[in-house]
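Model the full assembly from the supplied sequences, consistent with the hints where possible.
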Amino acid sequence: MIRPYLVNFSAIISENQLSIRASLSKATTPVPQNAKNISSTPIQSLSLFRKDLYRIKIKGLDQNQQIILNKEFDSDNYGNFEIRLPAIINGSAIQNLLVYEVSIIQGLDLHLGSFIPLQIANPKKIVISDFDKTLVDTKYHTPKEVYYSLNKPLSYFPTVQKSIDILTSLIDKGHQPFILSASPHFYENAIRDWLYQHQIFVSNIFLKDYRDFFSIFDGRLSTKDLKVHGFHKINKLIDILLMTGIPDELVLIGDGFESDPFIYLTLVELLEDKTDPLKLWRSIKNHNFFNLTSKQDSIFITKFYQLYELSRAKRDITIEIYIRATTNNLNDLKDKEFTNPNYTQRNKTVNYYTD
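With my numbering applied, the sequence shown covers 129 to 483.
Worth flagging that the hints you see were computed from the coordinates, not collected in a lab. If you're wondering where the values come from, they're calculated on a predicted model, not measured in any experiment. Each residue gets a CB set at the ideal place from its N, CA and C atoms; glycine is no exception. Honestly, I wouldn't trust all of these hints.
Derived lysine to aspartate or glutamate pairs resembling EDC-like cross-links, with alpha carbons at most 16 Å apart [as the list claims (entries may be wrong)]:
| id | residue 1 | residue 2 |
| --- | --- | --- |
| 1 | LYS252 | GLU143 |
| 2 | LYS252 | ASP444 |
| 3 | LYS407 | GLU437 |
| 4 | LYS442 | GLU143 |
| 5 | LYS199 | GLU210 |
| 6 | LYS407 | ASP425 |
| 7 | LYS442 | ASP376 |
| 8 | LYS253 | ASP376 |
| 9 | LYS301 | ASP376 |
| 10 | LYS187 | GLU200 |
| 11 | LYS464 | GLU386 |
| 12 | LYS476 | GLU397 |
| 13 | LYS185 | ASP204 |
| 14 | LYS290 | ASP483 |
| 15 | LYS407 | GLU397 |
| 16 | LYS185 | ASP237 |
| 17 | LYS442 | GLU400 |
| 18 | LYS252 | ASP376 |
| 19 | LYS290 | ASP265 |
| 20 | LYS253 | GLU143 |
| 21 | LYS252 | GLU200 |
| 22 | LYS185 | GLU200 |
| 23 | LYS187 | ASP237 |
| 24 | LYS280 | ASP321 |
| 25 | LYS301 | GLU448 |
| 26 | LYS185 | ASP202 |
| 27 | LYS280 | ASP265 |
| 28 | LYS253 | ASP300 |
Beta-carbon label-pair distances, calculated as ranges [what the hints assert, rightly or not]:
| id | residue 1 | residue 2 | range |
| --- | --- | --- | --- |
| 29 | GLN289 | VAL230 | 45 to 51 Å |
| 30 | THR467 | ARG440 | 24 to 30 Å |
| 31 | ASP401 | SER220 | 36 to 42 Å |
Here's what the structure looks like:
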């Protein structure tokens, strides 16, 4: 039977706000991904290129399992939802969520799942980690490597144990984990399987939606973003922080092969130094890590101001950056200079490490 199902669903409660991020797609009923010794491959999820509109109904239940929220929401053209709701309604806090698709079959609510929202406790401790080249040493440079990346489980590629140790140690210390990667959106099941196999239980995975490249009017990404990941990463990085609120402790883990150090230092400039968003945007928008389009310009500056205003009420925030390097590029990364002198100075505090 072909029916809609949730590709991903994240519900986060922070400071009395419920933030929901969800994505739907049509497919045959999927095999449960928690079966032992089962590793999915990215090519099994190519059906996620489908483009459809959906309407979901969300019911919120209080501690007595009484319905205190009952609303419907429309997706974008790709089946994605970004929803903000109050977490407390008429004095009662939302404890559970029931989700239904209501537009596919007229008059029938298709149950998609029930969920307990993630509560971000105080003090807020967040860790956001890259995946490719950070946790797994993936390769996509040649047609052969691309073929293997699509047809092999991610366990085929070497793991980066030092990065895993850093991430798991932070989780053990109470940091809430998020995965942010430029991998295509149809890699999500494969990435989730790999994480679970390594005892890393992350429910929030943010990837690059490749359907954006095929939409002239709706897409936020252009063809240059196939290789330039800066806009995608900083856009999703800010989305995560808008969902969780500004943390007391923020740890960012990435690699030194692409734009991660520059992007993370940009966030430090905004959150710790409280640099004016317009000034910061002007200084980086034409950098080759971004090369923003006019549409991305508008999104970029809007998100910067949203995060900046949120951060103004938070006086103290500690940001740590860990960047995976190799023996060949370690010294170059440590000595790297940026056009922004603050970035050059801050770069000295970045924790670079090798395998």
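> For this structure, which hints from the list above don't hold up?
Replying inline: 21
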